[in-house]
Every structure is written in C-alpha cells, then in structure tokens.
Amino acid sequence: MKFELKIDGVDRPIELLRDGPHCRFRLGDAPERAAHVETPEPEMYSVLLDGLSYDTSVEETPACLVVVVDGHRFEIEVRDPRRWKRGGAAVGAEGLQTVLAPMPGKIVRVLIAPGDAVEAGRGLIVVEAMKMQNEMKATRAGRVLSVAVREGATVSAGEVLATIE
Amino acid sequence: MLQFGFMFRKVLIANRGEIAVRVMRTLREMGIASVAVYSDADRTSKHVRMADEAEHVGPSLSSESYLRMDRILDAARKHGAEAIHPGYGFLSENADFAAACDEAGIAFIGPSAHSIRMMGSKTAARQTSIAAGVPVVPGTDHGVSLDQAREFASTNGYPILLKAVAGGGGKGMRRVDRDHDLESALRNASSEAERSFRNSEVYVEKLIEHPRHIEIQLMGDQHGTMIHLGERECSIQRRHQKVIEECPSPLVEQHLEMRHAMGQAAIRAARAAGYYNAGTVEFLVDQDRRFYFLEMNTRLQVEHPVTELVTGLDLVRLQIEIAAGGRLPLTQQQVSWRGSAIECRIYAEDPYNDFLPYPGKITRLSRPLGPGVRVDGCIYAGFAVPMEYDPLLAKLAVWAGTRADSTGRMIRALGEYDVGGIRTNIGFFRQILEDPEFRAGNLHTGFIEEFFERTQRPRPSDRLVAVAALAAAVHSQSRTTAAAQPDTPSSAWRQEGRNGLLR
Numbered sequence: 002m003k004f005e006l007k008i009d010g011v012d013r014p015i016e017l018l019r020d021g022p023h024c025r026f027r028l029g030d031a032p033e034r035a036a037h038v039e040t041p042e043p044e045m046y047s048v049l050l051d052g053l054s055y056d057t058s059v060e061e062t063p064a065c066l067v068v069v070v071d072g073h074r075f076e077i078e079v080r081d082p083r084r085w086k087r088g089g090a091a092v093g094a095e096g097l098q099t100v101l102a103p104m105p106g107k108i109v110r111v112l113i114a115p116g117d118a119v120e121a122g123r124g125l126i127v128v129e130a131m132k133m134q135n136e137m138k139a140t141r142a143g144r145v146l147s148v149a150v151r152e153g154a155t156v157s158a159g160e161v162l163a164t165i166e
Numbered sequence: 002m003l004q005f006g007f008m009f010r011k012v013l014i015a016n017r018g019e020i021a022v023r024v025m026r027t028l029r030e031m032g033i034a035s036v037a038v039y040s041d042a043d044r045t046s047k048h049v050r051m052a053d054e055a056e057h058v059g060p061s062l063s064s065e066s067y068l069r070m071d072r073i074l075d076a077a078r079k080h081g082a083e084a085i086h087p088g089y090g091f092l093s094e095n096a097d098f099a100a101a102c103d104e105a106g107i108a109f110i111g112p113s114a115h116s117i118r119m120m121g122s123k124t125a126a127r128q129t130s131i132a133a134g135v136p137v138v139p140g141t142d143h144g145v146s147l148d149q150a151r152e153f154a155s156t157n158g159y160p161i162l163l164k165a166v167a168g169g170g171g172k173g174m175r176r177v178d179r180d181h182d183l184e185s186a187l188r189n190a191s192s193e194a195e196r197s198f199r200n201s202e203v204y205v206e207k208l209i210e211h212p213r214h215i216e217i218q219l220m221g222d223q224h225g226t227m228i229h230l231g232e233r234e235c236s237i238q239r240r241h242q243k244v245i246e247e248c249p250s251p252l253v254e255q256h257l258e259m260r261h262a263m264g265q266a267a268i269r270a271a272r273a274a275g276y277y278n279a280g281t282v283e284f285l286v287d288q289d290r291r292f293y294f295l296e297m298n299t300r301l302q303v304e305h306p307v308t309e310l311v312t313g314l315d316l317v318r319l320q321i322e323i324a325a326g327g328r329l330p331l332t333q334q335q336v337s338w339r340g341s342a343i344e345c346r347i348y349a350e351d352p353y354n355d356f357l358p359y360p361g362k363i364t365r366l367s368r369p370l371g372p373g374v375r376v377d378g379c380i381y382a383g384f385a386v387p388m389e390y391d392p393l394l395a396k397l398a399v400w401a402g403t404r405a406d407s408t409g410r411m412i413r414a415l416g417e418y419d420v421g422g423i424r425t426n427i428g429f430f431r432q433i434l435e436d437p438e439f440r441a442g443n444l445h446t447g448f449i450e451e452f453f454e455r456t457q458r459p460r461p462s463d464r465l466v467a468v469a470a471l472a473a474a475v476h477s478q479s480r481t482t483a484a485a486q487p488d489t490p491s492s493a494w495r496q497e498g499r500n501g502l503l504r
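Chains as they are written, first to last, in my numbering: chain Z, 2 to 166; chain E, 2 to 504.
Read the hints as simulated data drawn from the structure, not as lab findings. Please note that a few of the clues may not be correct.
[Said to hold, decoys possible] Straight-line C-alpha distance at most 27 Å; calculated DSSO-like pairs for lysine-lysine:
#1 Z:Lys132 / E:Lys362
#2 E:Lys123 / E:Lys79
#3 E:Lys123 / E:Lys47
#4 E:Lys11 / E:Lys47
#5 E:Lys172 / Z:Lys107
#6 E:Lys123 / Z:Lys132
#7 Z:Lys132 / E:Lys172
#8 Z:Lys107 / E:Lys123
#9 Z:Lys107 / E:Lys11
#10 Z:Lys132 / E:Lys47
#11 Z:Lys132 / Z:Lys107
#12 E:Lys123 / Z:Lys7
#13 Z:Lys138 / E:Lys172
Just so it is clear, the structure is predicted and the values come from calculations on it, not from any experiment.
Let the hints inform the model, and build the full structure from the sequences given.
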C-alpha cells in the first residue's frame, strides 16, 4: 500500500511492500528495506531497522500525525487516497489571513469586530492559558472578515479565531 | 511554642499539583495523616487521589479556591488538621494567612507572619538586607511612577528591569533597553502585576548583564539556630522562570569560598528578619563573581530536591519538625555536600513556539527509572492538565558523583520520559544538556535566548526519518484496516477518540 507522506513539510512517499511484523518498505526512490515492527503498547511502535532499535510514538492530532523517535518530533501528514483526505487546504488562499489559536486556552479579549480595518501588528485577540496571555497580532494590514470566537470561549490549538482579508 | 517531642497527627496541604504530592509523601513517611484541598478543576488530580482526606474549597479560579484563606482554614478545622503546609505559590508567602493560621491555633509550616512581612515584599526585603550589610543591586526601594522610573534610568543608565513589588515567578517583570519602550513596558508590567498579585506597584532595578542566579537554602529552628544548606544554581531560565537547577553551582564548585560568603550573607539577611523554618535567599552573581541580594523566598522552593539529593536531607521533614517546635538535628559543620544533582522542570509547553503553555489530556505516560533518578510529579495517563494553573507537570532530578556524570544521567533519563497527548519541554532539555556551553558550566540567565540564537534544532538522520515514516505508514494502515470493519467495538472507541480530537 502506498502513502503520500508530508514529513515536516517535505513530500516523502512511502510504499509498504509487505505487512506484518516482518515488513518491507520503500521510502521515495531509495532501495527497498526490511524492518521489524511491533506495537507493544497503544500509540507505541517498536521498530528494528538495520539492527538498531527505535521506540517510536505515533499520536493522532487534528492536523497530522505526531511521531516522536529518539527525542525528535516529526509532524507527518498522511494522504492515502482512500482516507485521511484533508479538505480545508484552501484556507491559505492569497490575501486571506487566518488567525489561529497558538495553544489551547481561553479567549480573554476580542479587540476587533467584523468590518474593522486593521494595520499590521495590531492586536486582535488575546488567548490565555495557565496565566500566560498571548496577544494574536495582524501580520499585515487588512479588513476583518469574520471573528469566530467570543470572550470567555475555550479554544483548542489550531482553531480559527478570525479571518482578515 | 510547642513542647519538645510533640508531633502533628494531621496536616492540611494548602496547595495542589506536584508540591502537594511531594509534601504528602513525607507526611506519610512520618506517619502523619494528610488533608488535600481541591478546586472544581482538580477533583481527579493526583494530590486528591493520594491524600488520606480531601475537602473541596471552590471553583477552578484560584482566587475562588486555593487563595481563599477562609475556606482553607474551615477545611483545616473541619478535618482537625493541626498544621498547614502552604507549599509554594498560592498562600505560601502571604503574611495574613500565616497570621490567620496562628489565630486559629493551627501551626503554619513556614516562617512567622512578621518575617514574611519583612521579606515577602521585594522592596521591604531589600531594606532589611541593606540594614544587615548584604549587598543589593541598585534600585528604587518602592513602587514608581513613570517619571520616577525615567529619573532612575537617567541616573543609572539602561538597561533597567521593572519588577512587581509583590511579585515572583517572572510575572510583572520587564526588561527595558531604551526610553522609548519605558512607558508601555511599565503599563504592561503593572497590569500583569495587578492580575497576578492584586497589587499593580512596580519598582525599578539596574539590570546586570549576563548574571548568574545562585541561591542559598536556609533552615532555621524556633530556638535561634540557623544554618545554610549550600547553594543552587538556577541560571537556566525562560521568561524569568527557572527551568534547570543544580547543586552544587559549577561556579561555586570552583570557588568554594563563595559558598561560605554567600551562606553567611544569607544568614545575616534572614536573621535581621527574625527568620525561622525553610527559606531561600536569591543572589545575582556578576561576571566578576560579586554577588547581590535579589530577594528572599519565604517558603520551600520548587527546586529543593537538588539540595536534598546532595545533602541527603529531607527539607519537608525538617520544615515539619521545626514547625512542631523541634530543634535542628544538625549543625553547620555537619552539613556536607556530596556529588552533583540536576533538576529539569517538565512543563506542558511548546519550547519551539515561545514556550506557550500546552494544556490537554495526557494519553500516554512512561517515566524514567533506574539509578539516581527522582521524579516529583502529579500526572498520570488519562489526566487532563488543567488550563487554570501553572503548567508544571513534574520535576525530574538526577544525582551522580560528578556534574559530567549527572548531565549524562539526565540526558538518559529524559530519553526515557515519554508524555503523550500534549507538548512538553523534554526534548528541548536534551538539547540544552548536550550543549558544550552548558557542559562547560558557562551559565547565565540569558542562556536560553542565546542558545536559540546560536543553535538550530538538530536535524534528524535519514534513518530516523525512515523510522518515523514507517511508523506513520504502519499506523495509517492499521487505521484503514480498522475502518473497514466498522462494527468492531474497538473502532467505535477509536471513532469516539477521533471525534474528541476534532471537537
């Protein structure tokens, strides 16, 4: 089975040529390789490759898989044509600024309303978690198209807070 | 004062999180019953589950629960607690609370209300220290207006540091490099101080460039004996908050006369305030190894485990014995320092995104074990880290014979530490500990900022990328297989889990 992976923003197609603990795979144009993979605990993969042992965690998040091996954290988007299809890629359309929550938290202040003209650097929305306040600023000038949150609302990381055109 | 040989039978811990768990452990070892207090957000927190008794004290907001003296004291009376351990933060440095405990006939495990007043506010502490002949950094001894701050800067020169009069933990603190930034910095510091401490007063200090933060642990009984337990170096900070602490300080280790000089200065400052129980005097040390009194923390410190590992003492036990009227069980000459200990504060935060807090549910947890490792934590798999409180999850401390060995041991232990579901600074600590500057002991409070400027995130090897890709592919394939059989109970759970992630 083939998977179109995007690892930390770089396209890395991978083909699983044989399933099961004794698996064979090909990463990109590299030669076929053999590895031994077990799942001893939920979210954990023990991978033996080239005689080396790697304990690997795989976690699902709304945006991607987060894979951690030997302290390195990889963000991996998986595109299997039959699954994992991600819509919403049009969010980054030209001229549209999307303000995303940088962390899970609570909206403490909304400083803008739809229709407001904003300048670059203008504070838009203040998110607070664990007593730390973080002011989201406009990256460039524009007009507020929508505000998706109200003061007091709880948001998760990556949630759209506002859009600016 | 309490009689010789007296010991409490039940103690209430007016705190939450890892420190409540830490205190409970010693109470249990001493055969003393523990009473936990908790807010709405903490019903299933570790300290509540672990305690012998527990009492609800209000909603999640700390000002409505952990900061409510009346409710904490009611809980103590209701459960028949004879003493209260305040931990750190919350009410631990609140003189009114210490006084209220006294009036209620409940022992406060800490210094007297009088000492907290003399040392609790940074400006009062400065005056006490100056009077005791302890060197201090030039600064105003009171809250300032914009004009007064400006005047101080023109006399002493930039950079200056704005600090909350009632502050701690970096809240309400701002560095100002030029006059242009002063007004807005003062406004922000003041509003942050108001929010955090209900006191908007801000004072000004001359900023010492590239200082080290080295502090002295004190312990004194109510019979007039006071000793120091050596230093801790806490120069590795982010946002003015310590994240790595060690004992001994690599600087002091090479200039042992500093330990004595700083220890004696700390004792002088504390004595001037009639101090007893555990306390810490913090010093800034400049590049010529001159030290300046910074502030005194009139409570147990977060980083006390490194002192415990090197001295072999249990600081919480000493605190409890002293509060019960006991005498210090050792003299200054009997204090010895053996080996090297390092502590890393494990936070729910993203070090590569400005250290923003990252609360959430912990899906997976595996803690380091093995030789010389100590974990003071409050988390478990399935625990949702509340977004209302400090994001400290655990403190990982290690001990070994030398600093080089304890550094290696810490890197090993961090590699074993796996926390799933949230982001933590565990991987970042490995980078710091592997850094040649850290290993050489070249520390200062701006270390992390500088580290980010001079280093890049390490690039993973091709093999590591292959392993990650393979794990992701195998994982996705198992998902596809599971989805093809929608009636199995496991996929229903998975679907629920996915829905949870997407909500």
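Outcome of the hint check:
1. Z:Lys132 / E:Lys362: Within the cut-off at roughly 18 Å; holds.
2. E:Lys123 / E:Lys79: violated (35 Å)
3. E:Lys123 / E:Lys47: Distance ~33 Å between Lys123 (chain E) and Lys47 (chain E) Cα, so the pair is violated.
4. E:Lys11 / E:Lys47: Distance ~19 Å between Lys11 (chain E) and Lys47 (chain E) Cα, so the pair holds.
5. E:Lys172 / Z:Lys107: holds (19 Å)
6. E:Lys123 / Z:Lys132: holds (22 Å)
7. Z:Lys132 / E:Lys172: holds (9 Å)
8. Z:Lys107 / E:Lys123: Violated, at about 31 Å.
9. Z:Lys107 / E:Lys11: The given pair, whose Cα atoms are some 38 Å apart, is violated under the 27 Å limit.
10. Z:Lys132 / E:Lys47: holds (21 Å)
11. Z:Lys132 / Z:Lys107: Cα-Cα ~10 Å, so holds.
12. E:Lys123 / Z:Lys7: violated (52 Å)
13. Z:Lys138 / E:Lys172: holds (22 Å)
Hint check: violations occur at hints 2, 3, 8, 9 and 12; the rest are consistent with the structure.
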